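Mind docking chains X and L on chain R? Use the hints.
Given next are the chains, with one letter for each unit.
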Amino acid sequence: MLAATSLRILAPMGEALLLGLTTGPVCLASCGPVVVPWMLARPQQMRTQIRDLLCFLAARLAGYMLFAFGAWWMGTEITSLFAPRAWTIGGIQILLALSLLFFSVGWPRLHCHAKKTNAQLVQIDERKKHSGAISLGFLTGINFCPPFLVASVRAAQLEQLPAALLFFLCFFVGTVVWFAPYLFLGFIKRSQACVQVARIAAILLACWYGIVGASTLIVRIFHG
Amino acid sequence: MAEEKLTPHTATPFRTVGRSALLTLPMLLWSLLIFTPVLRQHDTAHSLGTLLVILFTNFLFFKMMRTGKTYRWRRYFFVAVGLLFPVGFISSLLALRGSMSIPIERMVSGDTPFCFMVTPMLLIPAALTRTLIFPGAILPTESNPHSIAAMIGLWFAMTLVMGKAWCSYGCFFGGIEEGFASLCKRPHIRKIDSRFRLVPWAVLLLVVLLSAALFEPFYCSWLCPFKAVTEFSAVHSVETAIQTGIFILLFAALVVILPLLTKKRTQCAFFCPFGAFQSLFNKINLFEIRVDRERCVECSACLTACPTMAITPESLREGKTELNCMKCGACVDVCRKGAAVWHLKGTRIGMKPERVRLFFLFGAWALSTMFGGYILSNAIATLIHFLPLR
Amino acid sequence: MSNRIPSALAWTGAGLTLLIAALVPFLLINTFSRAVAHAGLRVDENYTGGVVVRTIAHGNYKTLVYQPVHPHFFQRNQPFVQIAFEPISALPAEVQEKVDLDGDGQPDVLVHFLRPDTAQNAVQGNISALNSRYQSVENANEKSFSKMILRIGNRIVLRVPMNP
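Chains as they are written, first to last, in numbering that gives the first Met the number 0: chain R, 0 to 223; chain X, 0 to 389; chain L, 0 to 163.
In isolation and in its complexed conformation, chain R is listed as follows (with noise of 0.2 Å):
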């Protein structure tokens, strides 16, 4: 009896790590175009890069339990929730822009000209203190990727929502595995050209998601 219900309980809980494990690829691949440049565009020590990537991480959590709350109480899958989905992820893509945009490069001044003391091409605005893993952590948490949306599909099925949640903790930590390799980008010495080149990939980036944002909710509100 008391084997059957730990089997009823850790089973999901061990489907849910082997599911992050082997999607985690796909985590590495997609939050790498967000982390990398925001990684090595803060001229920082190891030991402040390790905490940055931490609270990513837990802001990214975060987003997974919001998400998976919500898998839970709608009950259903969690692609017919969002009816308005291009709305969410359009929405998403453009906050993800504003945010890598303000946390990695503050609000740029380019320097065309530049004084012959300024060192910097793009120069961070030092007056802002925080990281940004937050907002970038909790967006990307968020973001409608496959092996999400499968997980989310299964923890759905789950009849209590603390297993819901322990699911999506178990998935988590299986993806988070795969983040490892970030933790050495702080190893990576920080030139001063690396910096620089990392802000521009930034800003890139920003402008990116915010055209692809854009373009998203273009869509929906011409062709419905």
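In short, the hints are calculated from the structure, not lab data.
Note that the coordinates shown come from a computational prediction; the quantities given were computed from them, not determined experimentally.
A hint or two may mislead.
[To be verified] Taking CB as the label site, the calculated pair distances span:
1. R/Val176 <-> X/Val296: 14 to 22 Å
2. L/Ala38 <-> R/Leu97: 39 to 47 Å
3. R/Pro180 <-> X/Asp42: 52 to 60 Å
4. X/Leu21 <-> L/Leu26: 52 to 60 Å
5. X/Ile247 <-> R/Leu17: 42 to 50 Å
Where is the CB? At the ideal position from N, CA and C, for every residue including glycine.
For chains X and L alone, coordinates are given in the frame of chain R:
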């Protein structure tokens, strides 16, 4: 004029006609060896085009030997390839399907010719899933001789020899903007912040990461300005309309207008991610350009002459060029003090620079003749076919 | 003396570079091409349509059913199953066939198309889903990697989108 005995710190001398011809002879034999199969098999137009190419390339090499200069003669060949490549390519597209837009059938059947600029974007998806994110064929077929394996093999072989000099001896796209850059006598925009040279690295980082995430060649879909002279996806959605607008804008700005105004290769220097990727091979290539600090008077002529701003005040102080040096020879040719010299890594700066130049040129010119010469002869044959000769 | 060894090595390297350049068109291009070809890589199934899992013979022509193709990572295409009919010359003027895509013995889609008269003519046809796993394709002119009815070479290629 007899060739002076070369000693360190000697400016490149002129050569006699005889000596120049003697040095050109191996190149002539090489081009005959490379193009004889074409001369034997193809029609009159191709044979004529090939003969013209052999004469053209060997004449230019002769002038390089005779004058001791590199940049100007290389530029004639490079611009010719850049301008004639679209002629041959677009004509074949129009003859085959009447349009420059890529039909989806071509992608599904694996008939899309492989473009070397995709190479850095293939790496991560191939490493993670053993999948090539390009709608081509791995092996050559009758309908697609420019297969993925063949083109990567060709590019890698040439890069082993040339390093980043691929960008000034091989890349036909660069020839287009070099042509526009050489039209005006004087630049209208003189001051460009050299730190914009970091943008290609940022674009490289971006396209590599996004190609892995989206599992498509991101640069080709969204950014490549040279779709204006090759082929592109037809507009059938808001997204493809935006993509089309972006590449037209980038082509107009970076390939035509800015080179005209600045006399620099602005697309290569400030945008091209493949150029940034190719720069990495300069680390292992033996040939480079260095500046002899003892002879340099910091007149900045080399800074002005360099088409990609690969020499900066900082690098000049250290006596070297930046990683994105394309070894076009512009700085060497313009330096009146003989401070900017061809250099072989591992030797003393200024040691036998002309010999270094010869070693480099024989390899680079041989391969550019093979690659660019083929493109030129095809384009000339296409033009001949259009002439109302019959 | 200490300078001679690096210098000698450098000039040897320069000479080898020339040798490599000479070997490029005759040996190295083929060698590197074969290395790439034998690296165990494949072109993305989103373009190729995947591998054939079943062949149904119909006398002079055959129907090829491919393995389902699912998107990689954040690829924005729908999953699909490709079907091909070849050779075109052996096809009847009108083809109407129920095809089992998942190998369970039950037909999943009804394929209907007219054989194009010339290479330039578009294929007129549609695909009706008989199973909720698949989507119908009504408009033959609508083309995307996951939804098409096209003539490609000597085959008619159809792609049936799958519900995610």
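Note whether the CB distance of proline 180 of chain R and aspartate 42 of chain X lies within 52 to 60 Å or breaks it. 56 Å, holds
Cβ-Cβ distance between leucine 21 of chain X and leucine 26 of chain L: within 52 to 60 Å? 27 Å, violated
Given a hint of 14 to 22 Å, does the C-beta separation of valine 176 of chain R and valine 296 of chain X actually sit inside it? 59 Å, violated
Does the beta carbon distance between alanine 38 of chain L and leucine 97 of chain R stay inside 39 to 47 Å, or does it fall outside? Roughly 41 Å apart at Cβ, these two residues keep to the hinted range, so it holds.
Hint check for leucine 17 of chain R and isoleucine 247 of chain X - Cβ pair distance inside 42 to 50 Å: At roughly 48 Å between Cβ atoms, leucine 17 of chain R and isoleucine 247 of chain X fall inside 42 to 50 Å, so the hint holds.
Taken one by one, the earlier hints fail for this structure at numbers 1, 4, listed in ascending order.
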